[in-house]
Amino acid sequence: MTDAPAVPAPPEKPASAIHAIWRQFRTHKGAVFGLVVLTFLVLAVVVGPWLWTPEKLSVAKALAVKNQSPSLRFPLGTDQLGRDMLSRMMQAGKVSLAVGFVAMIIAITLGTLVGVLAGYYKRLDGPLMRLTDMFLALPLVPLLLVMVMLFRDQIARAIGPELGAFTLIVLAIGITSWMQAARIVRGEVLALKEREYVLAARSIGVAPRRIILRHILPNVVSPVMVAATLGVAEAIITESALSFLGLGFPPDFPTWGRLLFDGMQYIQLYPERVIWPGLAISLTVLSVNYIGDGLRDALDPRIRGR
Amino acid sequence: MLTFTLRRLLIAIPTLLFISLVIFLLVDLAPGSPLSDIPLTVPPDVRRKMIEALGADQPVFVRYVLWLRQFFYVEPAYLFDSWFGTSWAEGEQRLLSWQSRSPVFTIIGQRLPQTLTVIGTAYLVGVLIALPIGIYSAYRQYSAFDQFGTLFAMIGFSVPTFFSGTLLIIVFAVWLGWFPTKYNTQLEVVDWSTFVEQLRQMALPVMTLGLANAAAISRYMRSSMLDNMSMDYVRTARAKGMSERTVVLKHVLRNSMIPVVTVIALGIPSIFGGAIITENLFGVNGIGAALIGAINASDLPMVQTLAFIFAVLIVVFNLIADVLYGFLDPRIRYD
Chain P
1 MTDAPAVPAP PEKPASAIHA IWRQFRTHKG AVFGLVVLTF LVLAVVVGPW LWTPEKLSVA
61 KALAVKNQSP SLRFPLGTDQ LGRDMLSRMM QAGKVSLAVG FVAMIIAITL GTLVGVLAGY
121 YKRLDGPLMR LTDMFLALPL VPLLLVMVML FRDQIARAIG PELGAFTLIV LAIGITSWMQ
181 AARIVRGEVL ALKEREYVLA ARSIGVAPRR IILRHILPNV VSPVMVAATL GVAEAIITES
241 ALSFLGLGFP PDFPTWGRLL FDGMQYIQLY PERVIWPGLA ISLTVLSVNY IGDGLRDALD
301 PRIRGR
Chain V
1 MLTFTLRRLL IAIPTLLFIS LVIFLLVDLA PGSPLSDIPL TVPPDVRRKM IEALGADQPV
61 FVRYVLWLRQ FFYVEPAYLF DSWFGTSWAE GEQRLLSWQS RSPVFTIIGQ RLPQTLTVIG
121 TAYLVGVLIA LPIGIYSAYR QYSAFDQFGT LFAMIGFSVP TFFSGTLLII VFAVWLGWFP
181 TKYNTQLEVV DWSTFVEQLR QMALPVMTLG LANAAAISRY MRSSMLDNMS MDYVRTARAK
241 GMSERTVVLK HVLRNSMIPV VTVIALGIPS IFGGAIITEN LFGVNGIGAA LIGAINASDL
301 PMVQTLAFIF AVLIVVFNLI ADVLYGFLDP RIRYD
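Heads up: the protein sequence lines correspond to chains P and V, in order.
At position 174 of the first sequence (counting the first as 1) the number is 174 in my numbering, and the numbers step up by one without a gap.
At position 248 of the second sequence (counting the first as 1) the number is 248 in my numbering, and the numbers step up by one without a gap.
Hints listed in this document are in silico derivations from the structure and should not be mistaken for laboratory results.
Certain hints may be false.
[Said to hold, decoys possible] In silico negatives: residues of chain V with every beta carbon more than 10 Å from chain P:
#	residue
1	Met1
2	Leu10
3	Phe18
4	Asp45
5	Val60
6	Val127
7	Pro132
8	Ser143
9	Phe145
10	Ile170
11	Pro180
12	Ala203
13	Phe310
14	Asn318
[Said to hold, decoys possible] Here are some of the chain V residues that sit facing chain P, going by a computed Cβ distance under 8 Å:
#	residue
15	Ile13
16	Thr15
17	Leu26
18	Met154
19	Val159
20	Ile169
21	Leu176
22	Asn280
23	Leu291
24	Gly293
25	Leu306
26	Val316
Every value quoted in this text rests on a predicted model; they were computed, and no experiment measured them.
For every residue, glycine included, the Cβ atom is placed at its ideal position computed from N, Cα and C.
Next up, chain V with everything else stripped away, as it sits in the complex (with noise of 0.2 Å):
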């Protein structure tokens, strides 16, 4: 087990490098960087003076390395300063957003919150939806109520957030009026009434992004009830006497859950990606809307960094999932 983790670990590392330049490569070769659009009234030595400046006229390999540099050893090391008071990073060159030029992960800081209490809530109500759906669909498959999970299940893969948050947005918020259209980023929770108004405002986002990922996990949990049902070992439950109850929750479930479990690791850093919809709908000003705002603004140092956070969420929850199942089933050896 110890081995296998190693392994995966030590294959995550050329992954991570494989995209960070893909991600690297695809923002500075393309045709549109700002050097290209330096007015023609600049003087040629003053021009030069500017590509050096920013480290432009350095060969492609070198700025990679320097930029890795900067994401892997310089970020760490002010984090690491900022916590413990020590001074590693002393007068080191941080990453910088060019839009607001303060360093890209003090705004990442500042926009992950929001992401994470809105995402996070959304994400846990779709799962207490999905499984007693995907549990009860199963132990009475083709009843209406499977039926009925099932369209559930199609509908909400077929419509895309984009719309089912419009749709709740005009009945619930333009009808009905119950709950605000736009998330406010700057209400701070202190009371009662805060807190309310707060679980107000996040109640849209929550229930489109829990509807959607809600749908995927109930049909993952229905069919992997059913196939542990028709084990022998049920069977057994069964001719021992054992209620209903104990032998569906307890005997099954527990076997269902496995793949259940890393199925929803794996889901956690696509919801990120998801979430971008989401934020924009409904004005969240998590990492999502940065990204945007980010690439509205052409704010390049920015968006390198979010598209490869969100490509290190992926790789990491990947590996979680692997690990994970073969902590949990036993019967799973992967040396």
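Extracted from the complex, chain P is given alone in its bound form (with noise of 0.2 Å):
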């Protein structure tokens, strides 16, 4: 790291600072890799959909297909009750996605509230990072089942068991999940807050307010991208592991996490219907990590042979 290799020079120069960052990306083999990943599963819940359509099977019809193998008609199989898999896959999918973008837009929102002012304000520095230490104190897994359980049914009444299921488990997520962002935020603001431009914006009069939307916001934005991308896989593995443990989704409404935990009752005779979640789960994060990796490299002007 100390002796810097002679940079060779760029073959031409880069129309922005967007196409520099993605040339960079680009070199990064896993990240490319899980880019197409993440595409094709995206795509894959979003317009599956529309060009798989499951038949409309009475229930005497949907038992009578029951616990069926791959095939034509059904290309991942039936689940005990005769509903096809690939279309249950999709839905869950859809879930599972939705669930670790909210919870992550949750976390980093919070956290990079929580930077700002904490960087920003002297006063408000020592309390701030203090809640985030003990917010990093506490036992996660154990308090979310514990939130989870305590707050589903009454949640489900008020909006609907669906609806409240998902702003249950995003805001459960959001809100314990937002200390590593905010830490990042921290320790970027407090550099920019002495350099030059900030010193010039404050001595000609700009307001706090104006400063940091101006001048600190759009210089965090390369931290938050990586703690981001990273932030969503976590979200999706806690979601799915709650769904699990039996205190995520109801079953009507799947999540990747409780398809696996449906799955769970016919492993000895039906293992693929684990497989299928499990491994839908695992290329997601997989993906994720990996363009997170990616983009960490990307967006560090020291790598980035500019």
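If you follow the hints, you should be able to join the two separate chains into one complex; please do so.
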């Protein structure tokens, strides 16, 4: 790391920063693989339901085709109630990915807010960082389980079981995973605050709010993006772990974790019913992690050959 | 060093109080408390007496302090009594589980050995796998072995334990039939055959957790080794004509172990949390399974206590890691 190799002159000058980032990103094989796989998975769960509509079966007919192995009629087979596994996988994937993204957005927003406040205002730094440390010491999996157990029925009664489960789990994951982002942002803000352009802005009388929005936030975007990518992976794993323990989504509104949980009862006879959702979760998380890795390299100007 | 340790100990107290308050309030203020479900046929004065008997008419603050007293004074006093035959805690109310009406700590004491056997072995196996992989990956950076190690770590990060565990069950228990799918808690090791049986039933959970832990630790080991490999003292050692073996395994390894040891210490509480899933998957009757059982039965004292114990573990091991770091590395001085 200490002796920098001679940087070869880039063959052509990149048109913009985004272009340069993309060029660096493309050189990371794992990241490209991750992007391809993730795009495929997102397309499969978003566009897939239009391309593949399962036949509508009456209850008696559905029970007649229960526990089928994969065939042309049911590409991934059917479950114990004769439901088509492929369409269930797509439906579940939509919820799983949505949980991952929304929980990440909540966590990142909270984390950035706390990080900027702690980094910019010296008075708030001590208390907010103490709070962050305390949140880091909370036992998260047990707490999430307790939160879901205590509030599930009440929220379900108020806004319906599906939306209730979604809101509760997304909020619970969001407010228990903002701490990493807050620490990263605080560190960045502390460094940025001492830069000359911030001093210049302050000396011509720009209000703190404007300085933060115009000069500081745009400069913390890259570390936040990396944290956000990894946050999606984390949230998807947490949600499926909750569902796997039976404390997540209801069975008629499945996620991949829930499908895995349902499949566990039939593992001896139909192991594929566990493998499909498990594979989907693992592939999503793996590709998101690789994308995060690639983004970290691409967004770091020291690594990016510019 | 001593002042630093003392200062950290003092900071740990408000942290623990905050966490206990969060856990207490979360459970206490939740809408689904059992007292809200007293049937309407119960007459009002009986209802009032029930609430009074449970102490639920007291203000939140009083109940919180009483709970703290039970946790930090009464329960340790009982433990002390049972060890030394004194009678400090005579007549005090213990924390009782609502499921079994027996003290929460008795149940935890029964469950803990299961967790420690399985999880402890798994962590040990994970560390023992991770260290050689990390060392060799760093020594031969960008070699085929290193690439493989990177892939292994990435997969270990990404595949959640409930899926890797399930895969292991499908392959080794269902298809090959080498190991049992479920852990038999009743098994007592008395002779050779039961010992082999115990090893067989521990194999799958240990493998699941061990692989997950090994992934993270091997990465830390690798990057720590890489940091040290380019140091001047390594060049000096080589220039003096020492064998590669001495340079890598004595000079570099010793210095690289400092951050890794603290990472290993930091990981211990999180494996207890992660082990909830593994225990559930394999039917190990440990404290993770106790937590899930208590949650499903709305056994609030048990849930509160277990959640708080997990928090205490995190705080204690953070403290240990910090102190250990200063102890192992003479370059770090806190005061």
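Taking the earlier hints as the rules, which of them does this structure contradict? The structure breaks hints 3, 10, 13, 14, 15, 21, 24, 26; every other hint is satisfied.
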